[in-house]
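Protein chains: 2
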Amino acid sequence: MKISNGVNIETIRHSLTHILAYAVQELYPGTKFGIGPAVEELRFSSRFANARAIENGFYYDFDLPRALTPEDLPEIEKKMREIIKKNLEFRIKNVEINEVKKIFKDQPYKLELIDELKEKKVKCYETGKFIDLCKGPHVKSTKEINPDGFCLTKIAGAYWRGSERNPMLTRIYGIAFKTKKELLNFLKAKAEAEKRDHRLLGQKLELFSFDEEVGAGLPLWHSKGTILRKIIEDYLYKELTSQGYQWIISPHIGKLDLWKTSGHWELYRENMYSPIKIDEEEYMLKPMNCPFHVKIYKTKIRSYKELPIKYAELGTVYRYEKSGVLHGLIRVRGFTQDDAHIWCTPEQLSTELTKLLKHGFKILKTFGFKDYDIYLSTRPEKYAGTLKGWEKATNVLKYVLEKLKLKYQIDPGGGVFYGPKIDIKIKDSLGRPWQCTTIQVDFNLPEKFNMNYIAKSGRKQRPIMIHRALIGSVERFVGVLLENYAGALPLWLSPIQVWIIPVGTRHKKYAKEVTKKLSDSEARWELKNENETVSKKIREGELQKIPYLLVVGDKELKAKSVRVRSKNKDLGPMSLTKFIKKIKLEIGNKK
Amino acid sequence: MKISNGVNIETIRHSLTHILAYAVQELYPGTKFGIGPAVEELRFSSRFANARAIENGFYYDFDLPRALTPEDLPEIEKKMREIIKKNLEFRIKNVEINEVKKIFKDQPYKLELIDELKEKKVKCYETGKFIDLCKGPHVKSTKEINPDGFCLTKIAGAYWRGSERNPMLTRIYGIAFKTKKELLNFLKAKAEAEKRDHRLLGQKLELFSFDEEVGAGLPLWHSKGTILRKIIEDYLYKELTSQGYQWIISPHIGKLDLWKTSGHWELYRENMYSPIKIDEEEYMLKPMNCPFHVKIYKTKIRSYKELPIKYAELGTVYRYEKSGVLHGLIRVRGFTQDDAHIWCTPEQLSTELTKLLKHGFKILKTFGFKDYDIYLSTRPEKYAGTLKGWEKATNVLKYVLEKLKLKYQIDPGGGVFYGPKIDIKIKDSLGRPWQCTTIQVDFNLPEKFNMNYIAKSGRKQRPIMIHRALIGSVERFVGVLLENYAGALPLWLSPIQVWIIPVGTRHKKYAKEVTKKLSDSEARWELKNENETVSKKIREGELQKIPYLLVVGDKELKAKSVRVRSKNKDLGPMSLTKFIKKIKLEIGNKK
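Those protein sequence lines, which keep their order, are chains A and B.
If you count by our numbering, then the first sequence holds residues 1 to 591, one letter each, in order.
If you count by our numbering, then the second sequence holds residues 1 to 591, one letter each, in order.
If you are wondering where the hints come from, they were derived from the structure by calculation, not from laboratory data.
Among the hints, a few may not be true.
Far from chain B by the CB rule (all over 12 Å, computed), these chain A residues [what the hints assert, rightly or not]: (1) THR11; (2) LEU68; (3) ASN98; (4) ARG165; (5) TYR173; (6) LEU200; (7) TRP221; (8) HIS222; (9) HIS359; (10) SER519; (11) LYS560; (12) PRO573; (13) LEU585; (14) GLY588.
Which residues of chain A face chain B? A partial, calculated answer using Cβ under 7 Å [said to hold, decoys possible]: (15) GLU213; (16) ILE248; (17) SER250; (18) LYS255; (19) TYR273; (20) GLY334.
From the three backbone atoms N, C-alpha and C, an ideal C-beta is built for every residue, glycine too.
So that you can see chain A by itself, here it is in the shape it has in the complex (with noise of 0.2 Å):
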């Protein structure tokens, strides 16, 4: 069936939740219907929310005669295809608001949105027996949608108009394509990304879980965790420390008025949580480190010979997100940002740019990222400071990304309220974009804090100042590299790094010596002793994605060594000394 390629794939989904509708219309008498307003409406207001085209897909909210279950899936879509091979008109009519309280009078739902329409006549679309409020645009003809470029893919419940206090529907969720073959290939992508789900592989890799009773999108770090969090931690320290950086840590609340100084109060309020009362003063817990770090820089004189100076914290910060955007480690309440500010003289800003952005793709690409998107973020509506400082800013990191040659895209308005910036989204092995390092050019903070150096005339000088974090943020770092590795993370980065597995009693007593060996080498290892058999420890240990398995069986024993397995892969019999080296050499490779 030949598609018109110039049919909006958002309106060909649109159309669908109509002809899904349609469907159980006709499989299920009686069902009362959530909504069909217009897509505008949809997609930028969440008032009718009951019946969307959604990214990649479509639902729509029914009350329906009796409960679905996902069998009932496919005689659904079954339906869907008969309506749409119909080739069925969607025809706009204009209704006067009494004729279509008329229409929908067995539609209480409709009839509870029609009562608060103000228009005289009302926008519907009809296709065949099946008739919406709906403000379009839809597709002219059912023609226009390929009957194998849809799928329906899960039944889930949904409270009307999205408050407890209503009835809860059944919301019946799809995916829509203009070809079979864009459809097949996104669901196989699906899959592997659900396989790479960070959420998941958390839990099963044991290394964090959320609590219900501690509070959504506030990670508990578990022991496996901690220690990935450690080792990109104590790398970064490493990293930064060799490149003249000074650590330093600060309170994670401050008074309210050091926030009204910063301009964080006005401008980035709304990211912000309730003020803490102490002693009469209010306290807020703090959204980014930046005004602590200016406090520190403002202890001493500062000289011109300083400059540049450079404070690195691993600093949490808590910042306001609404609880449906909250995605496991990707998308928290509270998380550790690779923070640092660099000030520097005028005459120094782009050299330090240069090295910072060097700097970054360096750290992204140890741990395993070399491809990125990289955006040039300009002024927002909401901004603290000058046009000519904002103008100034921006020019230079133009200046940089051209000098070394870099692609970008332009992310108009997407600056912070204080400067413009440079963000790196890092691609992943499926190609997906994760957003980590950014840099950020600030005139605006200096001058609030009225800070200062005395430059080589002995006059006092404004210092620039740069925000700046690479990784971004250790949660979603972590998330992002479980789901580029699908668990399986390189061997430096693994939690555990090798489980010795004896074979029986009596060969527990080498694998100890093994383990004292692999200490001396400063590997990670677990002793696996459990009353088990070798092949469960050997497919948990595939399932908990441990780099390494060491059986050490009766022939182990005698040649002192071990048998490895990587990968889920045999690599046979290898002498202990001979595993020790290789896997020093690994790890210091940073493999």
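Since the structure of chain A is provided, determine the placement of chain B on it from the hints.
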């Protein structure tokens, strides 16, 4: 002069406030006097606290006809000694209220106080020509006061009755003892303690600072302080990991419900800050880490085979302290505990406690502390759990202390709301005690959170929980270390261990070579390339308490050696190789 030993030193100090006021009356006619209420009131109420016997001393507030300077103090002291030597009586007088008003008709501050009295007769004390409102008690005669046992120490401003809306008075401070020897010893110890004041050292050595706009009791850790913290934290990480602890990380806030379940909301609320609202729910800044650790324990079904489970966290907690008691790093509003929780079977409890105490002593000894005061703190007024549980827990703590033959004192009612504890106060080089280690047995939280493990029998059983911090708080411990070592930290703890000081420009290249070798040995160094004299750099290095100053000039360049200065002494030349060996050895030995 013979002094009756029977007289209470507090009484002597209080009587000295009158003698001080008498002397001021003689020397500065027209002075308006602050107050002279009874010592009881002085001690237990801040209502009249403008004249009082304070720790080791006393003060009195005056509205003087002219401003005083410290140079005036000897004259006042002289006058006080003259008065004392007159052997004047302290006569009690009960005076009719109208009469009192006449006596103090020229003393507006006194009149203000008299107007507030409800009594018909007012108690006064008369000494020579000086009379004051006062409930006493006092010495019988000035001959009970040693004229060489006291001195005046300083002058400060103080608002009348502590309120900013009142006039600023002049407060004169003194200290007093029964004998001259005691006074001299105190002055000596005080001078020593002042040299060791960690707040001044923190500033001088650029370790940390506080900032009014950030908030009281919230330290900002500068680069060198952060290095020091990291050394301590890395040491603890290794030490605890070797003892089978698993490291975890928990958020800084948690839902109010969590603290209701744990009992903190009921029994620990006065130490907690006000709630933060997120999406209609209340969150608390954590005052303790325990509930989070419990949550991680509970993510799995636990077996007796896993016990004891030990979770450790360098967890930063926030507890309310009155602004008046905040003191540098010793008493702050946010601090990082070397916190851990151990869950074990009842059979394992005494073994685990014994191990803990021994391990605590080992750690404290590594930092140079070998003397302790040990306290067993029992059930407080507000407590959770049953009396039987408390008795059991207290008895096992006693048993362990006695088994280890440790001397201890009972601190009645000093336990935490959930259980009794052993507290260890380390004694520093001046013999001053500092609270560090705490080991607490808790039968309650496991109950409240319904914690279980599967016992050997296959049945569910409740684990026992131990809360413990060995160094206590990283912040306070850094304060204690600084006071103990007067800033001259042992080599392994010194943020910067070596300064390399080239004599002239032509030695800079060799100095750089020296730094290269030092880097290989992982020593922390700074190259002092500034254009200043060698002697100035040495003086500064000694003030900065740098353990080793290496001067390199012609001779050293030629001989590939360094001239070593340490602890204000010239140790002469040493081959570079030998110095590197020496410093590596010392760092390894934690010297």
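Checklist line | In rising order, the numbers of the hints this structure does not comply with | finding: 7, 8, 10
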